[in-house]
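**Student:** So you can see what is in the structure, the chains are spelled out below.
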Amino acid sequence: MEIILKKKKMAVTGLSDKSERVKEGIQKNGFDGIRMETRNLTVKYGRVTGVKEISLPVYNEKVTALIGPSGCGKTTFLRALNRMHDLTRNATVTGEVLLDGNNIYHPKVNPVTIRRKIGMVFQKPTPFPTMSIFNNVVAGLKLVGIRNKELLNEVCEKALKQAALFDEVKDRLNSPGGSLSGGQQQRLSIARALAIEPEVLLMDEPTSSLDPQSSSRIEDLIHELKKNYAIVIVTHNLQQAGRVSDNTGFFYLGELIEFGETEKMYTNPVNKRTEEYLTGKFG
Amino acid sequence: MTVKKENAINNIHEDVEKMSELILGQLRQLDELLCSGDLEIGDEKKRVFRETEREIDEYEIKISDEFINIVSLHKPVASELRFVIACYRLSINLERIGDMSLKILRILSEIKHQPNINEFIDEISSMLGMTANMVEKSILSFLNNDMDYAIWTLKNDDVIDEINNKMIKKIIKKSRGKFSDSQTLSNFINIKIIVSNIERIADQSTNIAEASIYYLKGEDVRHSDISKIESGTDEVQPGKNE
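These protein sequence lines are chains A and B, in that order.
Position one of the first sequence corresponds to residue 1 (the numbering used here), numbered consecutively onward.
Position one of the second sequence corresponds to residue 1 (the numbering used here), numbered consecutively onward.
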């Protein structure tokens with residue numbers, strides 16, 4: 001059944017064969033483990049620069065955390081990774097964002113296709129409140145025309161299990177998504193993002209509206225998910241970034257000040273501003 | 001930095017400083033005893049020495065508590081994390097130096113009237129003087145962010161090891177043929193214990209220097225080659241490199 005899904009996905013995503021070859025190259029040779037990469041990425045809102053010339057790798061099976069004070073460009077950068085600025089008036093993006101070696105901003109690449117390969121989880125849980133839990137999970141697949149009930153059931157179960165929600169909702173899949181608790185709704189949002197089998201998962205402060213226990217469950221989930229995905233997470237919680245990530249990028253005033261292994265950055269940052277931000281001297 | 005975190009870090013810093021002062025005071029007293037050659041240690045002196053030792057033990061526990069509280073409540077990172085870890089490591093090493101100093105004082109007061117001690121007193125005094133200097137420099141390297149003092153301490157450990165080896169050879173040589181006299185043999189064993197304790201104090205000072213380097217450079221140099229540690233000693237202001 002998985003093969004069918006993959007075939008369907010190829011059909012709907014339609015990225016070039018080169019992309020598949022690069023992917024195979026990553027799996028076979030490591031390709032330095034880079035799944036996604038930005039090169040001199042600049043995002044402007046009219047005349048205002050959101051982020052400036054950011055070059056940053058996103059590694060396969062690793063969690064990359066983006067930290068920095070409010071307004072430093074973390075979310076702007078994250079949204080550029082799946083072309084969400086296409087929907088923002090006056091936003092211009094220059095530079096390159098490479099997914100498996102292909103520039104996702106190439107004129108021939110469909111942004112909808114890209115968003116299926118690069119899933120996004122937002123700060124606030126975003127279930128369709130009146131839609132059933134089941135339909136919430138498979139909404140993305142239905143949108144691209146997949147109607148096979150058996151396939152949808154299988155994908156739903158798999159995604160809910162990956163999101164560590166299945167056991168809690170398996171007996172009420174027809175209940176509305178809005179009936180779940182905040183933490184469960186966020187895991188439902190994650191399940192929906194996973195259902196379309198993305199290659200990269202972007203998370204924009206996924207636990208900021210959750211209580212500590214729910215946050216902890218999401219963190220455990222991130223730890224599990226990174227075995228299969230490249231994950232980029234924006235967080236204001238420095239301790240959380242330290243706990244969940246392998247690499248961290250520190251943004252300040254729209255620039256990437258420092259990028260490196262989280263353990264190294266948290267014990268011995270190279271840059272003075274990183275040190276000052278981490279130790280609470282500003283931000 | 002929040003005021004509470006700043007205060008907590010300042011407090012642990014002050015306590016390490018106070019504990020260090022007590023240790024250096026103990027070593028100074030031992031040094032003065034040996035330099036004067038008069039090993040007549042009065043009861044009052046011994047009592048004060050023991051009292052200070054107890055105070056040092058209390059500081060060890062206090063610094064340990066402060067360390068746990070800072071880590072659990074304030075979640076330090078970067079240079080702050082390295083600083084409190086170094087404080088904790090220093091407190092353990094300082095406490096051991098305190099124990100060894102007290103041991104040296106006890107043995108000195110026991111063998112004061114024995115003739116054999118006079119043959120060694122100058123060398124022991126010189127060895128202790130050098131070791132006390134190492135302890136002082138290692139502590140100063142931490143308190144004053146001075147990388148040079150830390151390197152100096154690590155380098156001098158080899159010198160102390162060499163002196164230690166020479167002393168042991170001398171003890172073996174001098175004690176040869178005197179095994180039948182249990183008192184004399186006991187004296188030589190005691191001299192050996194004093195020398196070994198001084199050597200171990202020097203080892204503790206290198207541990208302090210290593211903790212200091214960890215704080216200053218963010219590198220764990222334990223069990224490393226000194227030449228590698230020496231290279232790249234610029235930019236030692238913790239967290240200040242642009």
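In case anyone wonders, no lab produced these hints; they're calculated from the structure.
Hints are not guaranteed to be accurate.
What follows is a set of in silico ranges between Cβ atoms, one per label pair, in the way DEER data are often shown [as the list claims (entries may be wrong)]:
| no. | chain 1 | residue 1 | chain 2 | residue 2 | range |
| --- | --- | --- | --- | --- | --- |
| 1 | A | L87 | B | S72 | 40 to 46 Å |
| 2 | A | G33 | B | T2 | 34 to 40 Å |
| 3 | B | S72 | A | E168 | 30 to 36 Å |
| 4 | B | E230 | A | N110 | 21 to 27 Å |
| 5 | A | Q239 | B | D57 | 29 to 35 Å |
| 6 | A | G178 | B | V3 | 29 to 35 Å |
| 7 | B | I168 | A | K272 | 45 to 51 Å |
| 8 | B | N10 | A | G46 | 44 to 50 Å |
Each residue gets a CB set at the ideal place from its N, CA and C atoms; glycine is no exception.
**Student:** Does each hint hold? Answer for all of them.
**Tutor:** Hint by hint, here is what the structure shows:
no.: 1; hint: A:L87 - B:S72: 40 to 46 Å; verdict: holds (44 Å)
no.: 2; hint: A:G33 - B:T2: 34 to 40 Å; verdict: holds (37 Å)
no.: 3; hint: B:S72 - A:E168: 30 to 36 Å; verdict: holds (31 Å)
no.: 4; hint: B:E230 - A:N110: 21 to 27 Å; verdict: violated (58 Å)
no.: 5; hint: A:Q239 - B:D57: 29 to 35 Å; verdict: holds (33 Å)
no.: 6; hint: A:G178 - B:V3: 29 to 35 Å; verdict: violated (43 Å)
no.: 7; hint: B:I168 - A:K272: 45 to 51 Å; verdict: holds (49 Å)
no.: 8; hint: B:N10 - A:G46: 44 to 50 Å; verdict: holds (47 Å)
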